[in-house]
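Enquirer: As a plain string of letters, each chain reads:
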Amino acid sequence: MSDRFVHEEHVWGTVVVIDIRFHRSGRHNLDKAIREVSEWLHDVDSVFSTFKSDSIITLLRTGQISEDEVDAGVANVISRCRRMVDITEGAFDPWAVEGGFDPSGLVKGWAADRAAEILTEYGFHDFMINAAGDLAIRGFVEPGTRWTIGIQHPHLPDQISGSVELTDCAIATSGRYERGEHIVSPHGTPIVASSATVIGSDCATADALATALLIAGRNGFQWFQRLPGWSGQIIIDDTVISHGPSFD
Amino acid sequence: MKRAPLVTLSTFAGVAGVLLLNPSGAGSPLALAGNTTGTTSGATNTSSTSTGTSPTTSGSNPGATAAATPTATATSGSATGDAVDARYGYVQVKVTAKNGKITDITAVQLPNGDGRSMMISQQVEPMLKEQALAAQSANIQGVSGASYTSYGYQQSLQSALTKLGM
Chain A
523 MSDRFVHEEH
533 VWGTVVVIDI
543 RFHRSGRHNL
553 DKAIREVSEW
563 LHDVDSVFST
573 FKSDSIITLL
583 RTGQISEDEV
593 DAGVANVISR
603 CRRMVDITEG
613 AFDPWAVEGG
623 FDPSGLVKGW
633 AADRAAEILT
643 EYGFHDFMIN
653 AAGDLAIRGF
663 VEPGTRWTIG
673 IQHPHLPDQI
683 SGSVELTDCA
693 IATSGRYERG
703 EHIVSPHGTP
713 IVASSATVIG
723 SDCATADALA
733 TALLIAGRNG
743 FQWFQRLPGW
753 SGQIIIDDTV
763 ISHGPSFD
Chain B
-10 MKRAPLVTLS
0 TFAGVAGVLL
10 LNPSGAGSPL
20 ALAGNTTGTT
30 SGATNTSSTS
40 TGTSPTTSGS
50 NPGATAAATP
60 TATATSGSAT
70 GDAVDARYGY
80 VQVKVTAKNG
90 KITDITAVQL
100 PNGDGRSMMI
110 SQQVEPMLKE
120 QALAAQSANI
130 QGVSGASYTS
140 YGYQQSLQSA
150 LTKLGM
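Chains A and B are the protein sequences, given in the same order. Per the working numbering, the very first residue in the first sequence carries number 523; after that it's consecutive. Per the working numbering, the very first residue in the second sequence carries number -10; after that it's consecutive.
Please keep in mind that the hints were generated in silico from the structure rather than gathered at the bench. The beta-carbon is built from N, C-alpha and C at its ideal position, and this holds for glycine as well. Treat the hints loosely; a few may be bogus.
What the hints assert, rightly or not - If we take Cβ atoms under 8 Å as the criterion, some of the chain A residues that face chain B in the derived model are: (1) Met650; (2) Ile757; (3) His765.
What the hints assert, rightly or not - Partial chain A-side listing against chain B, Cβ under 10 Å, derived: (4) Trp669; (5) Ile671; (6) Ile682; (7) Gly684; (8) Asp690; (9) Ala694; (10) Thr695; (11) Gly697; (12) Tyr699; (13) Ala732; (14) Phe743; (15) Gln747.
Could you build the full structure based on these sequences and the hints that come with them?
Expert: Okay, here's the thing in C-alpha cells:
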C-alpha cells in the first residue's frame, strides 16, 4: 500500500492538487474526505466565479443583489477582503477592479484553507493542497521532513527561483507573468516588481498579501513587516528583497 | 529586510523540461525528454503526473532511474493527440518521438478567445514543464505561483502517446 495519495481536482479552469501522506494516519474515510473537498471546491466555483452569469459574485458585480443580501460564506469573504484593504493600505482592493468587486485574489486561498480544514476534520495530519499555485501545507512529507516548495521563477517559466521548507502554513506567489505586463495598481501607479511571495498562517491572507506586495513593491514592506509571523519576498528585475524568518 | 541577487537554482535548471508521465496509469513510467533538454540523467524519481483519482505511488523509490525506462518501445514518429475541451477552448498537442523518447511537443490548438484565455494559453506550455519539473524532482512537492497547470494539455499529450504506442 502506497504511503501517498494524490488527487487532482479540475476546477476554476485550473487544477487543485491534493497530496496526502499517511505516516501518522490511516486511509480511513479517504474517499469520503476527497469527495467532500471536491464538492467544496466546485461549490466555491459556482458561488464566486466571475465567468458564470448566475454566480453570486456576478450578481453582486452587476448590482442585482447587494452585499447585505449574501450568505455567510460570501459575507465572510467580503469582510476578509475589507480587512486586507486596510492591512495593505489599499494595495489589495477587490473593489477597485474594473468590472466591479472581484475577490478572486483571496478566494482561491480561502477555498484552500477550508479544504485543509476538511482533511484535518477527517483525521489527516500530513498533506498539501496546491490550489493552482497557492498552497496550504500541513504536517510533514515524511516523518521529520518538512514539505519543500519551489517558488516560480518570474522570468523563466520552466524554472524556480528558489525553494523553502515548510510545515503548517500557507504560501502564495503573485507574479506579473500571470497578470499581464500592463497591469497598474488600484492607485494608477505602475508595478515594478516581477513577483511577490508570502508565507504565513493562512492561505486566504497569503493570497491577498502576495497580490498586494506585487502591486506595492518594496514600499509594501512598510506595512508588511508589521504583520507578525509573516515572511515576504519580492523580486524586482534581478534583485530579491526578503523579510521574515522563512527567507533567512 | 535583506537584498540578494536572483539566482536560479542550478540543481533544478538541469532537469527542466524532463517529464515523467504514466500514460495509462499502469506499468513503468516513461521518461520524456521535453524540447528544451536532451538528457534525463537528472531524473531519479518514479513519481508520475497521472490524472484522475487513482492513488499515485510514492515519489521516493530509491532504486528506480527514469533514464532508460522505455526499453521495449523504440517508437519513432509523431502523433497528434485528441482535442480536449479545457473550458476556455480546445487544447491539442502533437508529439514527436525518436527511439522511444519524446523529442518534441508542440501545441496544435490552444484556446485564444478572450484576453484571459490568451494569457492562459501563453502559460500552458511553460507550466506543463514546470509541473513536470515539480513532479520529477525528488525534493519538491509543489511550486508556489504556478497557476495555469493544464489538464487539457496533459490529456491530449497522453492520447498522443497512446497513438504512438508509448
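Enquirer: It remains to establish, for every hint, whether it holds in the given structure.
Expert: These are the hints, each one checked on the structure:
1. For Met650 (chain A), the suggested interface contact is upheld, since its CB lies about 6 Å from the closest CB of chain B, less than 8 Å.
2. For Ile757 (chain A), the interface hint holds, since its Cβ comes within 8 Å of a Cβ in chain B; the closest pair sits about 6 Å apart.
3. This hint holds: His765 (chain A) has a C-beta 5 Å from the nearest C-beta of chain B, less than the 8 Å allowed.
4. The restraint placing Trp669 (chain A) at the interface with chain B holds, with a minimum CB-CB distance near 5 Å, inside the 10 Å limit.
5. The beta carbon of Ile671 (chain A) comes within 5 Å of a beta carbon in chain B, closer than 10 Å, and the hint placing it at the interface holds.
6. With a cut of 10 Å, the hint placing Ile682 (chain A) at the interface with chain B holds, because the nearest CB-to-CB distance is about 6 Å.
7. With its C-beta approaching chain B no nearer than about 6 Å, Gly684 (chain A) sits inside the 10 Å limit, and its interface hint holds.
8. A distance limit of 10 Å between C-beta atoms decides the matter here; for Asp690 (chain A) the minimum to chain B is near 14 Å, and the interface restraint is violated.
9. Interface hint status for Ala694 (chain A): upheld, as the beta-carbon distance to the closest one in chain B is roughly 6 Å, under 10 Å.
10. The interface hint given for Thr695 (chain A) holds, since its Cβ lies 3 Å from the closest Cβ of chain B, which is under the 10 Å cut-off.
11. A cut of 10 Å between beta carbons decides the hint on Gly697 (chain A): the least distance to chain B is about 6 Å, and the hint holds.
12. With a least beta-carbon distance of about 7 Å to chain B, the hint placing Tyr699 (chain A) at the interface is held under the 10 Å criterion.
13. Annotation: Ala732 (chain A) was flagged as interfacial toward chain B, and the flag holds, the nearest CB pair being 8 Å apart, inside 10 Å.
14. The interface hint given for Phe743 (chain A) is met, as the beta carbon of that residue sits about 6 Å from the closest beta carbon of chain B, less than 10 Å.
15. Because the closest C-beta pair between Gln747 (chain A) and chain B is about 7 Å apart, less than 10 Å, the hint holds.
Hint compliance for this structure: hint 8 is the single one not met.
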